[in-house]
Structures are given as structure tokens and as C-alpha cells.
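> Chain A is fixed; fit chains B and C onto it per the hints.
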Amino acid sequence: MEYAQLSDTLSISRIVQGLWRVTDWNYSDMQLLKFVEEVLSLGIDSFDQADIYGNYESEKKFGEALKLKPSLREEIKIISKCGIKLLSDKFPERKAKHYDYSYEHIVKSAETSLKNMRTDRLDLLLLHRPSPFFNAEEVARAFEFLKKGGKVLHFGVSNFKPSQFEVLQSYLSDSLVTNQVEISPFCLEHFENGNIDFFQKHKIKPMAWSPLGGGNIFNTKDEGIISCLEVLNRIGEELNCSVDQVVYAWLVKHPVGICPVIGTGKIERVKSAAKSLEIDLNLEQWFQIYEAGLGEELP
Amino acid sequence: MEYAQLSDTLSISRIVQGLWRVTDWNYSDMQLLKFVEEVLSLGIDSFDQADIYGNYESEKKFGEALKLKPSLREEIKIISKCGIKLLSDKFPERKAKHYDYSYEHIVKSAETSLKNMRTDRLDLLLLHRPSPFFNAEEVARAFEFLKKGGKVLHFGVSNFKPSQFEVLQSYLSDSLVTNQVEISPFCLEHFENGNIDFFQKHKIKPMAWSPLGGGNIFNTKDEGIISCLEVLNRIGEELNCSVDQVVYAWLVKHPVGICPVIGTGKIERVKSAAKSLEIDLNLEQWFQIYEAGLGEELP
Amino acid sequence: MEYAQLSDTLSISRIVQGLWRVTDWNYSDMQLLKFVEEVLSLGIDSFDQADIYGNYESEKKFGEALKLKPSLREEIKIISKCGIKLLSDKFPERKAKHYDYSYEHIVKSAETSLKNMRTDRLDLLLLHRPSPFFNAEEVARAFEFLKKGGKVLHFGVSNFKPSQFEVLQSYLSDSLVTNQVEISPFCLEHFENGNIDFFQKHKIKPMAWSPLGGGNIFNTKDEGIISCLEVLNRIGEELNCSVDQVVYAWLVKHPVGICPVIGTGKIERVKSAAKSLEIDLNLEQWFQIYEAGLGEELP
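Protein chains in written order, with my numbering: chain A, 355 to 653; chain B, 355 to 653; chain C, 355 to 653.
Don't read these hints as lab results, they were simulated from the structure.
Just so we're clear, the structure is a prediction, and the values are computed from it rather than from any experiment.
Given that identical chains are not distinguished, each listed pair holds provided it fits within a single copy or across any two copies.
EDC-like, lysine to aspartate or glutamate: derived pairs with alpha carbons at most 20 Å apart:
{"hint": "1", "residue 1": "Lys-414", "residue 2": "Asp-474"}
{"hint": "2", "residue 1": "Lys-515", "residue 2": "Glu-543"}
{"hint": "3", "residue 1": "Lys-515", "residue 2": "Glu-546"}
{"hint": "4", "residue 1": "Lys-444", "residue 2": "Glu-411"}
{"hint": "5", "residue 1": "Lys-559", "residue 2": "Glu-520"}
{"hint": "6", "residue 1": "Lys-451", "residue 2": "Glu-592"}
{"hint": "7", "residue 1": "Lys-423", "residue 2": "Glu-391"}
{"hint": "8", "residue 1": "Lys-555", "residue 2": "Glu-492"}
In isolation and in its complexed conformation, chain A is listed as follows (with noise of 0.2 Å):
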């Protein structure tokens, strides 16, 4: 396995894995251990959370593996993010989806993924999605609070832009570490709005959500979507790898150093996309996998 520097003290594996659905997998507390133990085995350190997934339910599962072997804690990085309040039968007081970034639910909903995870800090936290009613400076006091308590020790943005991410940045003293973002052959926004190159010119290596297109792309009628998965089969077959290493070879060969998110609960796909990095797409291959993707020829 290879690992990524997101700072001076913070290092991910270059594979990432989300457990975004955890809770759909029906694992049990064991089971869930017996799967985190044999992804760590395969270098995997880094796990992706959020405290909104499997409707506020995630990160308790999670925890509750965790609570089988707690020497596991210090083998692994948690990530975690905060930010979203979705309407859930948890919170029956909501009358909307909405964002919130105020002090208050940032340093809440950090303790209490803490305290679902059954952990005392978290190595990385995100905010969520970028907001239209943004404080930077309050989130900055939130953000201080929390490093100084020990309780989160990196902090780092999800689906931002440039100059969403610009102005956080703006108020904090630390770094934000990372901006995790979707990015895919059928997701190629971040090549047009401008956040590649500002991951480049700030050295950021960014985490990639959704690295498959979301999973469905198997079963879909969307043209632009069969025409390259057309050519990511081709690709696949001259190297001799699966659709899914091809992508993740694909994403991981960029020079700003993407870190994928997988999604899967099988350790045999896990396997998969940690063999992955050791493909050599060459650079004919990765540009004819971008034009599959971007549905037109290049300029």
C-alpha cells in the first residue's frame, strides 16, 4: 500500500475505505471487526465516516466493532465529517434539510461522533458540503476548540470549490488538509472549476468520493456512460484488470495524488482496488479513459 501526506503529521493510505453503507452490509459487531482487521491487513489505514450515514447509524456500528478490540484504534485513521442535518426520524423537531456550521453543532456533532466511534479524537474532520450561510470565522473558533481539546486533530473540506475553500482557509492558522470531492471518469467537474489546479499549486491531495460513478453505472441506459464503459473494459482487458482497478488506477496515476473512497463491504473488491496501484496505465490510456469520460474529443 502506498500512503499519501495530507500534512506533516497526518499520512492516509492512498485507499480509502468509506463506510458510508456499513450499516446496509448486515455484518455483525464481529463480522464488521473480522472485515476492518483484514482491510488494515492490506494496508488500508484510513477509514471515511460521516455523521449523517446510514441515517446517524454508522458511525455507532462502526463503534461498536471497534469496542470488540480497542488496540485497533491506534493502527487506524478516522475521518469523519459534520455539517448536513438531514430530516430523520432522530430529529423530529427538523422541518427541513439544511446545513449548519454554526460553533454549536460543529463541536456537537464532532463529540458525538467521538463518542459513537467510542474514541477520544478524530484524526481528520470535514465539513460536509459547502454552505450558503457560511461563518467563516465562527467555524474557525469551532475548529480551534476542537484541536485544542485533543478532540480532532485535522481539519479538511468536502465538495468545496476554490474559493469556498479560500476563504475558510483564510481564518485558520492550520492547513486544512484536504478537500474531499467526486471524482470519476463520469464525474469530471473538478477538472473544469478550477479545484485540480488549486490542488496542485497548494500541494492538497484531495480524497475522491464515488470513484465508480456512484456503483449504478452498470446498469444504466445513459449513453455517454455505456461508450465509456466501453473503453474502460478495452482498457481492462489490455491490462488484464477489472473495470473497477482500471478506475482506481486511473484516479490514483494523477499527479495531484487522489485518494479513493471505495464503498464496498467485500473484501474481495477491497483486495481488488488495493492490487490496483500497482497497475501501469500508461499515458495514452489514462487520456483515452478522460475523452470516454468527457464525451467529446479533445481540443
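Relative to chain A, chains B and C alone:
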């Protein structure tokens, strides 16, 4: 009334009285003076003009009213704009509407504004619109001349995007103190184009023109506007206030410190606007309005 | 002829002679030499090439002409480009058009340009297009190698957006001296995407390719182009000059210092272009052309 500190030496009232349509109000000079005094008694001390308003007549009309009580000048802030050259019977030699940010035009326009409004200074002069033909160095020279002569105390822009703001700022020693842009639930573009982020990063408080969407929102057939109005109506009922007041409260609540420019000449509606500052919209209501204006769900 | 100072050590003529289609002109080497000398006698001393022009043959053709009078090299500036890898019978091993900004390719491409054009140095080397797969650090190393060896004296880019320019610049010690982009009344995108602002802020003088909209504007059925041509024709009549000249004058009048790259191989048209610098378009005419190109009224 609350006040917004735009710079160390300039504060304006959070609600700004626009004079765009002053010539349509059919006020005698004395009636207009009376209106201005009543507005001022509400704490609204800032008046927004432009050289071109009312086919170049609005500043003169305002000047005639001020002439009746010259001491009023010391109690108010006068904002005007320059840079657009309209086709007008006043300028029969013009062949096409265009923008002119030459040294000569900026200086002449500001000096004409002073003469029209019978004052020796503008508190704030804004460039009315960004121009594809823009020489920042020349604009900077005009600003310097006007500043040194005490004719204009502060400078800003209107309808500029971040890159346009930055180029001008880079040629100036003083900071541009505001950007007057269209913001309303019916016009969210500055949440999308990076301006709101830019304002927060640089601690620039924007002014908002057409805060009610231009006023013709009430007799529209546009479904997006109609369903947005439904949400505003419902929240108005929840808060026991008018739709106008909901919108002003929505603008004023935003952390960047938006100052709405109201266009009405009816003192009752001005009073209603002033009272909106006391309305305490909650975060969910703020987002419900944002989402209604957006016309789609938040991600 | 006017000259544009792109850096302390590089000036180019405001009109640049493009050699994109030199292999289509059916000139003998001696005829091409004659053409170059006539162009030079007009004060146009800058010649624009790219590795790929004419299916990799344009540089060679130009080199054959220069070979007939080696002393000419000291009187001209040679601009070339690299980074695109075309599908071509010259490179049968290629499977897909792509971009290559590896150290090896940049160095090899520049060295091939030198050999083709029988010179020991390029005055200016441009990266031909921004690439989604771009390693600025690697590009910087290639530039440093070429600069130290005296093989390339100055560097720039082509078709880059501000964020792309910034990432590369942040890895370089020397300033990029220009960005060659498409600008014409038929292509106003760089007025919209922040590039024109960026050029002015950083005092970068852009080169404009396809200043006449690619040359096929005269036999189009596109209504927007036709009505834009009507405006250009009318202004040409007002100024007693050709449409070409109106367009060149429109470009050259802009405050950022645009240098049009002309594509013609006919000396009469080159003379006509050179003369366009003397045409004094007024501001209303400039805006009439801009608005005609925009296809809608200014706000």
C-alpha cells in the same frame, strides 16, 4: 437601525434608501425633503443614486430637495455611480449605449453628480458595471484625483465579479469598500459565482439591489417565482410579518453583512423595511427560502 | 509597427505572423524567404509556430527558408509550442491523440523545433493547451533545463485559464510572458472567464489566435456571425477600411495589449493588417463591435 462599517471612515445604514425612481414618485421638492427627513428619522442615513437614474434627472431632483435644507447634507451619506453612457435625448450625439471608464468621464461624471446634488462631496462612488473595455490604471488615476480634491471620499464597485474586483483593487492604494450586486431569493447568482465567498474572505459588506426581485414578482406567471413566494408567504405567517420583511430579514441575517437598497417612495413601506431588522429568522427558515429561490433541493 | 514588451528581455511586434498553414501556401523555399523578408520589412518581426502545425511539417518548411539566409535569424523572434501529440503517419505507434507535458516530451519537442527551424534557440516556447494530466513540477524542471542550455529564452502558455496559469507560475521562478488565446468579435470567452481581468492584473499581454474567427466567417449561415459582420462592415465604411482591419484595430485598441496572430500567406493582406494599427476606432465603435459579437445588449 443597525449600521454597517464599510471602512474605518464610512458606515452606512443596513437599509439603504434607493433613489432610482425618485422622479417617478411625483413628489414636489418639499414633499421629497419631507420624505428624506422621515427616512432619516428611522435611522436610514444612506441614499443611493447614479448619474443615469431617471434619464439623468434623479440626482437633480434629489439636489432640489436638499437645497431646501442644506444642513441635511451633514446627516446623510450620498452614494452615486458612474460609467454607463445611456442613449438619451440629453446626449443626442451618442450612437450606442456603452460604458466609459476613461479618466475624463469618471471625473466629469462625479463632478456633475456633485453639482446636481448640490454637495461638495460624495461619500461613496461606485463603478456601475464591469466593462469589457477597462483600464484599471486609468480608473486609479481618476479615483486619486477625486479623492485628493475631497470630491469623493470612498470608492466601490457594482455588479463586479471577483476577478474584476481584484484587477481594480490591485491598482489602488485604498480598499474598495463595497460591491453593490443583485441579491434576493429570486437572484442567487452571487452565491454561485464566488462573490459571496470573496466578500467574506476580504470582509467586504455588499449592498443588495433589487432585494425584492425588481418588484414585479407579484404579478408573474413564472412558476419558480410563484412557488418561492409561497414559501415566503408561509414564513411571513410564521413570523407574523410581510413578505417584504421576510426577504429583508433573510438578506440581513446572512453573515457577510448584506445591506439591502430599497426602492420604494412610500414611507410606510420604508418603515416596514426598517422594522425587518428586528425579525429573527431561524436557520431552517433561511434555508427554506434559499432552497425555494434555488428551485431545487440542496445536495 | 508597434511592439509589445512581453518581459524585460522580450518584445514582439503587435502583429505576429502565424505559420500554422505555411505548408498550404505552396511557396518554394525561396518564395517563403521572400515572404518572410517582406513581412519583416513591415516591422513584423515575430513568427508563430508549433511542433504539430502542418502535420509536423511547418517548422521544417520555415527552417528550409531560413537556411537560405541564416543572418535573418538575428532579426526575428521565433515562437513555438509543444504538448499536443497528434495522431499522424509520422507517429504510427500512437493510438490516441493526447497531451504530454512530461519532462522528456517537452525537452525533446523543443529540441526538435530547434533542429527543424535550424536555429539554436526559441525566443518563446508555449505550452499549447492546458492538460487534465499536468505535473507543474515536472514542467518547471523541463523549462529550467531548456533555459539553462540557452535553448529557450522565454516561456508562456496557450489556451490556459487563470487557475491553470497560476498553478504553473507558482512552480516557476521566471514569469510566464504571455498566454496565446482565441480572441475575436466571434470569440469573447476570455472576457467572460476571467482571463482578460487576469491579464490586466498581472500585466500580461496576450496573443490572439484566429483574430478573424478562423477565416470561415465569410461563408457562414450562422445568424449571429452574419449580423456581427454587418456591424463590422458598417464600421469599416465609417473608417474607410476593410473588415479585417476593423477587427485588428478592435483587438489592438484594448487596454491589455492584445497581439493578433495573423494567418495569411498573402503579403497584401499582411500589409493591410500592419496598417490597421493606425486606425483610430472610437469607444462607441469598440462597444458596437463587442455587443455585436456578444449577440445581445449590454446590461
